[in-house]
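We have chain A already, so just place chains B, C and D with the ligands on it with the hints.
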Amino acid sequence: MRELTFRDALNEALDEELGRDPDTFLMGEEVGAYNGAYKVSRGLLDKYGPRRVIDSPISELGFCGLGVGAAMAGLKPIIEVMTWNFAILAMDQIVNTAAKMHYMSAGELSCPIVFRGPNGAAHSLAAQHSQWFEAQYAYFPGLKVIVPGTPADAKGLLKSAIRDPDPCIFMESETMYAWKGMVPDGEYTVPIGKGEIKREGTDCTIVAWGKALKIALDGAELLAKEGISVEVVDPRTIRPLDEAMIVGSVQKTGACVVLEEGWPYFNVGAQISDIVQRACFDILDSPVIRVTGADVPMPYAKTLEALARPDEHSVVAGVKTALNVRS
Amino acid sequence: MRELTFRDALNEALDEELGRDPDTFLMGEEVGAYNGAYKVSRGLLDKYGPRRVIDSPISELGFCGLGVGAAMAGLKPIIEVMTWNFAILAMDQIVNTAAKMHYMSAGELSCPIVFRGPNGAAHSLAAQHSQWFEAQYAYFPGLKVIVPGTPADAKGLLKSAIRDPDPCIFMESETMYAWKGMVPDGEYTVPIGKGEIKREGTDCTIVAWGKALKIALDGAELLAKEGISVEVVDPRTIRPLDEAMIVGSVQKTGACVVLEEGWPYFNVGAQISDIVQRACFDILDSPVIRVTGADVPMPYAKTLEALARPDEHSVVAGVKTALNVRS
Amino acid sequence: MAKPTYELADKLDKATLVKMYRQLQLMRRFEERCAQQYALQKIAGFCHLYIGQEAVAVGTEAAINPDDYMISAYRDHAQILGRGTPAGPVMAELFGKATGVAKGKGGSMHLYDVSRHFYGGWGIVGGQIPLALGTAYASKYRGDKRVTVCYFGEAAVNQGAFHEALNMAALWKVPAIFICENNRYGMGTPIEVSSAVVDVYKRAAAYDIPGVWADGMDTLAMYDAVKKAADRARAGEGPTLLEARTYRYRGHSMSDPAVYRTRDEVDTERENDPIPKMRAYVLAKKAAKEKELDEIDEAIEVEVEESIKFSEDSPWPDGSELYTEVYVDPMGHGETK
Amino acid sequence: MAKPTYELADKLDKATLVKMYRQLQLMRRFEERCAQQYALQKIAGFCHLYIGQEAVAVGTEAAINPDDYMISAYRDHAQILGRGTPAGPVMAELFGKATGVAKGKGGSMHLYDVSRHFYGGWGIVGGQIPLALGTAYASKYRGDKRVTVCYFGEAAVNQGAFHEALNMAALWKVPAIFICENNRYGMGTPIEVSSAVVDVYKRAAAYDIPGVWADGMDTLAMYDAVKKAADRARAGEGPTLLEARTYRYRGHSMSDPAVYRTRDEVDTERENDPIPKMRAYVLAKKAAKEKELDEIDEAIEVEVEESIKFSEDSPWPDGSELYTEVYVDPMGHGETK
Ligand SMILES: Cc1ncc(C[n+]2csc(CCOP(=O)(O)OP(=O)(O)O)c2C)c(N)n1
Ligand SMILES: Cc1ncc(C[n+]2csc(CCOP(=O)(O)OP(=O)(O)O)c2C)c(N)n1
Ligand SMILES: [Mg+2]
Ligand SMILES: [Mg+2]
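Protein chains in written order, with the numbering used here: chain A, 34 to 360; chain B, 34 to 360; chain C, 2 to 338; chain D, 2 to 338.
Derived by calculation from the structure, the hints in this document are not laboratory data.
As the structure is a prediction and not an experimental result, all values here were calculated from the model.
Note that the Cβ used here is the ideal one computed from N, Cα and C, for glycine as well.
Misleading hints may appear alongside valid ones.
According to the in silico footprint, chain A covers these stretches of chain C (three or more CB under 8 Å from chain A) [as the list claims (entries may be wrong)]:
| # | region |
| --- | --- |
| 1 | 111-121 |
| 2 | 125-131 |
| 3 | 165-174 |
| 4 | 320-331 |
So here's chain A without its partners, still in its complex pose:
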């Protein structure tokens, strides 16, 4: 085990997979000479050359479509979107083409491609640059949606996504790139579709993924000091979703809070809440509680932005509501 930043863990995954499979290539804006807008691809152009690491024009629809076509032809493209906010321009190629070709062609075609880049709000980037897209893609059958919360998961899941035969949406975070965590030495992958219990507990389950995982764990710490034992479960992939793990944990704790950094309606948390309320109806002592960001476009001002985001204290409040404990 070594301590690595999220950025370096992703960089290792890209490096190893580019080295492993000559059919893989990395394409996106600034991924080459600039070493990546967020430096995730640092050094890869030097190491693999311009055939394998390609700087694209600012043409999201075009180069995402290029990737889909190349995947259809048997290559394994890794397409970096500078952020998922911009990838909206390419959504047609992702949901109308990549997600559907295997089915529409009854297996004649398949689309082994990864679209990856940062998702969610960083800091002071305002409304157009601070959005969450997990649910937007997870909605569509044919896609897989992966949102790692630790450097180790990021590396192992990105390697799995690159090897996966289906189109994978891989969501990172500007803020997390600099975060550190222990990463196994040597070759390993983390399976898509399998969640992990990140902290064991007995009183309440918190479901959280991606950047929110840290908020959940911080909240769990605070609650532990008050004698409340929280289990933090991380689905890691949103589609396919590890429902068994989530339900299993709630069966054990009897209470559930779903944490989400983004907007409160029609999001991932709503789906998880729906699953839990049905699967755990008989054992829940209180309804599933959701902790989310505010239902507003993200404001620029630091003070307002802080009010728009959930933090560990929101988590504490949510868990206490779920447990009917006075705050």
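Relative to the frame of chain A, chains B, C and D with the ligands by itself:
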């Protein structure tokens, strides 16, 4: 009251509002000379001329953006998207620009625009032409999402949407255009954000909107024959959602089924289920049940397509599950 | 009728000329029967006929290699037949039967035959253009000397996808031929109403690639134009934008009565029909006798009739097909890795 | 230094010339302080400086009317100042304060001043181009004789939005001037790496509209070019694609060290700086004396200093602002109707 098709009800709304406000104009593919791909704009070019009714190139991102810019300049554009499947190409202008400008500019700008067109699956149109987008847009604060289920609501809500000062997503249905219903005579509007109980009942609430409303009502008929009294509530608008009406009905019936024609995950039904399980936790005798389409891209073959859609029998089964009644 | 001359097509051997005539007839007869079967409700949904445009598909097919990539839009019946896919599985797909090229899951707009390098069959206007950029990019990446032919209509040129794809295709000199089938209408909209530039080939200037036009009602003129573009692409000199000036005799789709154009306009175009033109050339070249061509015509009637019978007799897809082929590895647990 | 001559700018009156000089200085000094305040973490997020490109904004402003529409991307500080919005509220917006032009909700990339017809301030590359088509369309619809100026970078030209918007702008002859500020880089990518055509103005051929280029380092050359395009647009003759060849001295944004270009390259460009050029012209034209210009320079230092003080002293937005202005009519119940 007169009996009108959905198509004619929409046509009346467009005609009346184009007549009422000279700042409104209708733009889209084939809306003029062709009288609309689905004939919703029949006769409007003749009546209002090419300044008010404009045939656009097949440039969804461009003409939706044109509408947003014109709205920003104070006009009241009505943009027809031939279907919402194609509007994915314009999603950037709708969610990154229209939905956010009022907030980002702290009120300096506003965007009084309507994007309207058919949503969901018609028949035998296969995967790229058979998709549901309510949740995709309702997710974003700044947008209003309207999905009428009757000709009367369609006319009244479209008129409200055209007069509304915010960006409205108005979703119709190819299949429903020919459906008939009673429509009030003379001038009227239906308020955005207010649902309606479409059938009163005592045993179980079914939440349904748009095309699924008819399926819910048909299911309710079948159940009535078995002595099960179902209340069918139609939110009519998905954002803002009339939570009070839905919750009020479930408080009364004690059971809830959410019907949705589209895909089962990360959809509108999940959000409604989440709201109900929390608001009605103490009175629900069984979990919220969801009835949806299959989690697959829509197949072309009639036989497979039939299997992918929920029908009145799926509704009956869903309600019986909610009521713990043997089928 | 004075026999026109063609720089390259005049060098085609007799067998090829006869084969091209045969393809024209097959496409035409096949789709005439599609129209009939649609009326009989054996074919459902959207059904876009190619009738009138066959010279484009046939001239192109003769000018490229069987293993070159071909990608098209929803008006794709004739093009997949041109690749050599048997009529039976194509018709069966339109019927939605299990024996169709996509087991009935794709339908008229979504035909595929990877063994013959036909990659669809796409329904979003302009959406296939970036895909073609991708297959051409793959050829360049592999150095496999294959060329990609991408078909799209003149109205698709107003999609951002066209612009983004052509810029990258030119920038990276990928081996692609972008064939714009300018049949003058996008649904009911004439090109003059939708495009600031009606000479589509002129848009090539924005990407600094060759922009040329050819008579899309003349099979051999198409052959000449595509052959040049293909040679250029194969030689690594990059893409070409080729405008094929053609015409569709029928409405946009089976549900379009096409009242937006005059009977006269259609009749005038019909006089320019590619099939008699090709037939005359074949005879003038002594590539075949009248009688042989008549036999071909009859053989095709039978072939198409059989494709319908085959489709009629084929089973519907099994219900279990609903959930198959959504993913290659559904759980994503990596069993396939 | 031989005084250059300008077809139209040479006719500008002295007051205007002095005002233009003043604007150049204001933009330059304002942004130099932005850089400093960013380093002091008074300004957060992305901050894109315009330093080096001021001739474009100033030449354009002088060539259009105050009530013409102006729409830009995220590199928008100088342009809104050019419209006449006071430095205080602009700087305050960058600070995220309640006194900012958008009450702190928009920030550096999203500046607006409708009273002065500045419509933003947009963050999605190319996204503002269809918006500009829309405001120009509105002018045509109303016959209000206003022109829309749309700014975008040379890399934005590869967005589908550019293509779709220009086709419609040309088709419908809307009164718009599409000004591509070609500063040769999109973030770290030189235009040669991203565009098949490096002479941006040539892309106008795809829409059959005038495509011209002008020296974007020369305020008066910009004036001439924009004036011609504006007159054309106002006369109902349609849009122009104007390539302004310019250069940004700083990195793409405050977080970009710009290691992708040589010190030499930057120094060479700096020698071509628009401010001394304008100063020399003003003096040569005897529009002002050295002393007067020096006084202007000092006045601007004060003005910018005050804008910082104003921002410092301004309150943060009230917490209640979080939920305001999401909708004009939040419940949508039509109370406003
Ligand atoms: C993005 C998108 N917008 C609209 C449609 C609906 N539509 C299908 S075909 C068509 C016309 C296309 O015309 P053209 O590109 O000239 O091709 P043709 O049909 O003439 O072969 C339209 C508007 C679509 N399928 N996709
Ligand atoms: C659609 C989209 N893709 C990517 C980005 C990230 N980005 C912001 S500015 C920029 C470079 C734009 O360059 P150019 O258009 O030349 O304008 P300049 O910054 O040089 O003024 C990029 C890639 C974005 N904001 N939007
Ligand atoms: Mg056409
Ligand atoms: Mg630039």
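Hints and how they fare:
Residue count for the region 111-121 of chain C with a Cβ under 8 Å from a Cβ of chain A: 6. That meets the three needed, and the coverage hint holds. Note: the region 125-131 of chain C has 4 residues with beta-carbon separation from chain A under 8 Å; the three-residue rule is met and the coverage holds. Check result for the region 165-174 of chain C against chain A: holds, 5 residues qualifying (beta carbon to beta carbon below 8 Å, three or more required). With 8 residues having a Cβ less than 8 Å from any Cβ of chain A, the region 320-331 of chain C passes the three-residue criterion, so the hint holds.
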